[in-house]
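Going down the list, the protein sequences come from chains A and B. When you line the first sequence up against this note's numbering, it's residues 138 to 833, in that order. When you line the second sequence up against this note's numbering, it's residues 138 to 833, in that order.
No lab work stands behind these hints, which were simulated from the structure alone. Quick caveat: nothing in here was measured; it's all calculated off a predicted structure. Treat the hints loosely; a few may be bogus.
Where chains are identical, the list cannot tell them apart; a pair therefore holds if satisfied intra-copy or between any two copies.
Said to hold, decoys possible - With a cut-off of at most 25 Å between alpha-carbon atoms, the simulated DMTMM-like pairs for lysine to aspartate or glutamate come out as follows: (1) Lys577 / Asp441; (2) Lys388 / Asp753; (3) Lys477 / Asp500; (4) Lys603 / Glu735; (5) Lys654 / Glu612; (6) Lys444 / Asp578; (7) Lys444 / Asp616; (8) Lys459 / Asp598; (9) Lys459 / Glu612; (10) Lys326 / Asp391; (11) Lys372 / Glu217; (12) Lys372 / Asp331; (13) Lys308 / Glu481; (14) Lys444 / Glu609; (15) Lys243 / Asp616; (16) Lys752 / Asp598; (17) Lys577 / Glu442; (18) Lys198 / Glu254; (19) Lys243 / Glu747.
2 protein chains.
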Amino acid sequence: MSLRSLRFTTCMATLGAVSAILSVGSTPAKADEGMWTFDNFPIQTVNTKYGTRIDQAWLDKVRGAAVRLNGCSASFVSGEGLILTNHHCVVSCVQDLSSAENDYVKNGWMPATREEEKQCPGQTAEVLTDITDVTDRVLAAGAGLEGAAFVTARGAETQAIQQEGCGDDPKLTCQVISFYRGGRYALYKFRKYDDVRLSFAPEFQAAFFGGDPDNFNFPRYALDAGFLRAYEDGKPAETPNFLKWNAEAPKEGDVTFVAGNPGSTSRLLTMSQLQRLRDQQLPLQLIQGSELRGRLLAYSATGDEAKRVSVDPIFGLENSFKVWYGQNQALLDPAFYGKKQAEETELRERVAADPALAQRIGDPWTELETVQAAARDLAVPYRQLVTSAGGGSTLYGIANGIVGLAKERAKPVAERRPGFTDAAIARTTAQLGQEVPISKDLEEIYLGFWLSKTREYLTVDNAAVKNLLGRESPEALADRAITGTKLDDVAYRVAAAGMSVEELTALGDPLIDLAMKNYDASAALRTEWDAKVNAPTARAAERVAQARFAVYGDNLYPDATFSLRLSYGAVEGWSYRGVTVPATTTIGGLYERATGSEPFNAAQKFLDAEDRVNKDTVYNFVSTNDIIGGNSGSPVINAAGEVIGAAFDGNIHSLGGSYGYDGELNRTVTVSTAAITEALRNVYQQPRLLEELGVR
Amino acid sequence: MSLRSLRFTTCMATLGAVSAILSVGSTPAKADEGMWTFDNFPIQTVNTKYGTRIDQAWLDKVRGAAVRLNGCSASFVSGEGLILTNHHCVVSCVQDLSSAENDYVKNGWMPATREEEKQCPGQTAEVLTDITDVTDRVLAAGAGLEGAAFVTARGAETQAIQQEGCGDDPKLTCQVISFYRGGRYALYKFRKYDDVRLSFAPEFQAAFFGGDPDNFNFPRYALDAGFLRAYEDGKPAETPNFLKWNAEAPKEGDVTFVAGNPGSTSRLLTMSQLQRLRDQQLPLQLIQGSELRGRLLAYSATGDEAKRVSVDPIFGLENSFKVWYGQNQALLDPAFYGKKQAEETELRERVAADPALAQRIGDPWTELETVQAAARDLAVPYRQLVTSAGGGSTLYGIANGIVGLAKERAKPVAERRPGFTDAAIARTTAQLGQEVPISKDLEEIYLGFWLSKTREYLTVDNAAVKNLLGRESPEALADRAITGTKLDDVAYRVAAAGMSVEELTALGDPLIDLAMKNYDASAALRTEWDAKVNAPTARAAERVAQARFAVYGDNLYPDATFSLRLSYGAVEGWSYRGVTVPATTTIGGLYERATGSEPFNAAQKFLDAEDRVNKDTVYNFVSTNDIIGGNSGSPVINAAGEVIGAAFDGNIHSLGGSYGYDGELNRTVTVSTAAITEALRNVYQQPRLLEELGVR
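Kindly generate the complete structure, drawing on both the sequences and the hints.
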């Protein structure tokens, strides 16, 4: 459930600007630790430990079947474009296809024929085809530059590499990705499908049984699975390189591989960077996130339609909240924090003991400490006016995008912000033409919340706050802007996307006006953050990475960056404070845990099927694989390269995985293909899907 | 506005159980630092610094006019029982007297005659009459005991001292109060008035202009003043010892005294205690408080009546939130925290340098570190099941009180929990007979929030959680318990207060059933907390206090404990990061700051009076007095012993005042008697009050 998070979505947006990513080195991996890139997988280690016969062909096959979705992972499971992922990765699509009359979130999406599968607005599916090292080019681009100039030069070079790699081909994605926090850069090239349709989704209550209370916990009883289908030129895509469906559940001790896109880890940050996360960033996210959670929960209790439209936003926010909370608790744990401190001390001592190395590396740790002081001063305005501007309002995002197009288009290409090439502008404009369901109630909650917190944290007398609010209250302004904007009309926003700043001003749309007011202050802060935080961080972190390579060698895995990785492990429970948790649950356990009260009410179809279903079927299982948010929907694969489940969560201990992996406690939680098969057969009666999966 | 806080209210409840208070020593006071007891005021220091002629007679007079309210401070300002305090100290009374038809919060409470003044439910007024040192008795009571036995013995001795002092006289209050965190104990004896009526309150919008955004900020334009009247035997009390009303505003540099009841400071805690506050307690309060804030804000937006009933709860919560946030920021500030650390190091070194002293004191600092580890493990269940049980629901509090009466009455007196003597039981029963307005909507929000957070933080499979919830969801249970309970009926609850456990069970009241379910788990946790945290803390903290007296002498002020204190200072602005804030504002400034949008909409009567009012009148002013939450409503007094204002807030820097005073930055914010006079004369036309105050 919990491997996708709002925070992670934010992360994705900044991955394009490589220089924005903080960076450091890494200590050697232990146990089943590691989110390995496909070009540096420890084949020999795994084969020795688990008696497997992994080889390059095996890796190539898995890579070709692995799919990256928007913020999630997945895999092809038939030759006709069928994709297995998590329910929680498709639920926003289900919500988009729903209406007050037809609530597919509640009732499930189960078309009788392939022709009735409907397109998920904005959903793409990407398959990694090529990896090219571009470290030298990226490093050369910033050579001799400082501050914002450094960031701009790197951004431009990144854009150039991507443009050279993919041109304007809409069927390709090219992305320069940072690894080891600046130790390596690579161009990842993807085959991209932008017509992705919804084939099957169970009821929310089957997928998310136990809800937020059970999220990140185990034992679990969740059918967190859904199927999409990639289309090409209006027909199901041909995908001969798919993973074979294995409907047998694994046993304790069986080896498991997880291929997917872990979103973001911070294991290679220095202690001063972790300290700012612990003392400033995470607390602020937790505090503000809690208030928004309260507002949304109270709103959802006001009526059936309010409840319907807020199911997915609440689930996303509660998931993020739990992640942040777990992360902060890990950093506040003296033992965990002390271990990180000891690792850094060791690395610094080993660098200092080698005069030539010390000369080359300098003291990036102290440099990063200085950067944190600057970051601490800027972080709150940067958050309120840049990274959290709009508070999650889709329409504000659209307004801000449209203002950005007008502002940047007016500049020569070389002076534009990253992401505003002519081709990128064309893509953005095309995206604006897609229909997206909007709840104006929610939009107003988000926008009002953002404005009110911005006033609270920057204070009433702050110039940016005065500029945004004028003489209005946050609530009144949010009401006026959301009620008055016409940006929920597709034709209107496509027209606006082609307008100049003057034309937009003349339009008099209150939400565009608001985004316009914030644009320059926001851009100035972004530049200041680049100069005072991003640039010196990149500079220093690269040298920490080099120190790490010099001391520990190249057999290291990088921090997660929502790029394709492979982790290995085995089906295994765990023990904590005297309690042993077994590795598997069965479908029968669902009926025992169900109380009838939300969120522990079993789905009606499951209740109806109680006599038909095989209660001994393994439902969910845990394994030692090292994963993180973004891995949601990742295929869990056996030694033969067959899919045996879809990873959908980590246990509660895995939340500290952002900063370090503990093989004794960290576990991946997976819904088995065995349970999905059983449900398709005896709960949902879906012969067409079973047939396509090769199960009779 | 902000000197009263919910947290502080919680604090008060535990003051009776002396042993529950953490304790440590104190470093010598600097600048205008210090919340001094009346029996240890630095008369000579003040007279020398400010050229005043303070003497014992001056102190006695001020003490006799100072009034303690429920969670607030105040003073007599006429011989006929008239009491000056803050509007925010009477607003809950105003809310109690209001209804959907007559909203006195919105419109103000301005009776034309004394006869129309109405009683404030539950409000008391107490005047300190005697102070007796009882340190030896309290210490002797715990001698040779450990753990829960120690806590029980001290609690019993405290009860005995109080009982000896006041008997069952309803006109007296006796309270044993801890000072210097266990370094001294004193019996404070009060003359108590339990018929307190509301004489005057301005409109909420006049009192709280600028709302939460301006709270703890300055410049300010708030008429945060209100008048109560003490009654005795149905007539206005005779109070010859009142403070003379001075309608002249002070000037920059004028000396100011504040006599009131600062609620709680933690300046004498050891570093390990502060660290747990910083890393566990405050973050949890902030996170949970934020979500409740969001729920209440969203609820208040659902309609006029919802808005009306939630004004005061929201304002109280937002005030607490800002306090906790400021406190946590102070502890997260490396310079501030480092200074505290240096002070502790110095004290420990000076103890270590004196072998005899070191022998006597031992190592209480390390002992307290060990206690924190235990506290860390217990804190979350202790919070959820004990200190925050019910989540703020008044009816749950009543139910729990009734269950407590039944459970404790069944025991022999010697075995009862503190606070359950026969006399105390009689008082509690009498209180239950008072009418208190209840919003069942709010009650359900509080109870549901508490149950849902308890499940979230203790997890679904926790035995206490299962016991509370059974097969119901938190929301459904809250709905059923609040809808079904009859405890909002006074006669019903008075009857229930006399019942045995069996009779209560037979009653079948769902809220009493819920409180019953939590009672034993809660009592067990309380005992465990006493044994593992309170008792060893008291033991160690007393020795830290002794170390402090030995090293620094007796000219120290104790931490605040909601007991009468006197602080001194002068009218003075401050400078921070290059910005200088003047010491005073004028009424004219209100009209400039008003935007017309909530909460910056001036009250209508002020707008109507714009042509009549003297805009040059000093409205609010700041001074260097050292105060904290609980001081709300304190008289600000000039050298002649006349009242010149009512303290109602601290500036933003004063929030760190919980842990230390900074004379450069910490400021008390006061509404001047000059402004109150001007408002009574030209805004509200209240000749009867002006006459009583001696102003023509």
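Comparing the hints with the structure gives:
Both within a single protomer and between protomers do lysine 577 and aspartate 441 lie at most 25 Å apart by alpha-carbon distance, with minima of 15 Å and 21 Å respectively. Proximity of lysine 388 to aspartate 753 under the C-alpha cut-off of 25 Å is restricted to the intra-copy arrangement: shortest distance 13 Å within a copy versus 83 Å between copies. Taking CA atoms no more than 25 Å apart as the test, lysine 477 paired with aspartate 500 passes inside one copy only; the shortest distance there is 18 Å, against 30 Å between copies. Proximity of lysine 603 and glutamate 735 under a CA criterion of 25 Å is satisfied inter-copy only: 15 Å between copies versus 44 Å inside one chain copy.
When the C-alpha separation of lysine 654 and glutamate 612 is checked against a cutoff of 25 Å, the pair qualifies only within one copy, where the shortest distance is 17 Å, while the shortest distance between copies is 42 Å. Proximity of lysine 444 and aspartate 578 under a CA criterion of 25 Å is satisfied in both settings, with 11 Å inside one chain copy and 18 Å between copies. In this homomeric assembly, lysine 444 and aspartate 616 come within 25 Å of each other (Cα to Cα) both inside a single copy, at 20 Å, and across copies, at 17 Å. For a Cα distance limit of 25 Å, the shortest separation of lysine 459 from aspartate 598 across copies, 17 Å, qualifies, whereas the shortest one inside one copy, 34 Å, does not.
For the homomeric pair lysine 459 and glutamate 612, the shortest alpha-carbon distance between copies (20 Å) is at most 25 Å, but the shortest distance inside one copy (28 Å) is not. For the homomeric pair lysine 326 and aspartate 391, neither the shortest alpha-carbon distance inside one copy (33 Å) nor that between copies (74 Å) is at most 25 Å. With identical chains, the CA atoms of lysine 372 and glutamate 217 are at most 25 Å apart within one copy only, with a shortest distance of 9 Å there and 90 Å across copies. When the C-alpha separation of lysine 372 and aspartate 331 is checked against a cutoff of 25 Å, the pair qualifies only within one copy, where the shortest distance is 12 Å, while the shortest distance between copies is 82 Å.
For the homomeric pair lysine 308 and glutamate 481, neither the shortest alpha-carbon distance inside one copy (44 Å) nor that between copies (65 Å) is at most 25 Å. In this assembly of identical chains, lysine 444 and glutamate 609 lie within 25 Å of each other by CA distance solely across copies; the values are 19 Å between and 29 Å within a copy. For the homomeric pair lysine 243 and aspartate 616, the shortest alpha-carbon distance between copies (23 Å) is at most 25 Å, but the shortest distance inside one copy (29 Å) is not. For a Cα distance limit of 25 Å, the shortest separation of lysine 752 from aspartate 598 across copies, 22 Å, qualifies, whereas the shortest one inside one copy, 63 Å, does not.
In the homo-oligomer, the alpha carbons of lysine 577 and glutamate 442 lie at most 25 Å apart both inside one protomer (12 Å) and across protomers (24 Å), since each shortest distance falls under that limit. In this assembly of identical chains, lysine 198 and glutamate 254 lie within 25 Å of each other by CA distance neither inside one copy nor across copies; the values are 27 Å within and 85 Å between. Taking identical chains as interchangeable, the C-alpha atoms of lysine 243 and glutamate 747 lie at most 25 Å apart only when both belong to the same chain, with a minimum of 20 Å there against 58 Å between chains.
In this structure, the hints that do not hold are numbers 10, 13, 18, in rising order.
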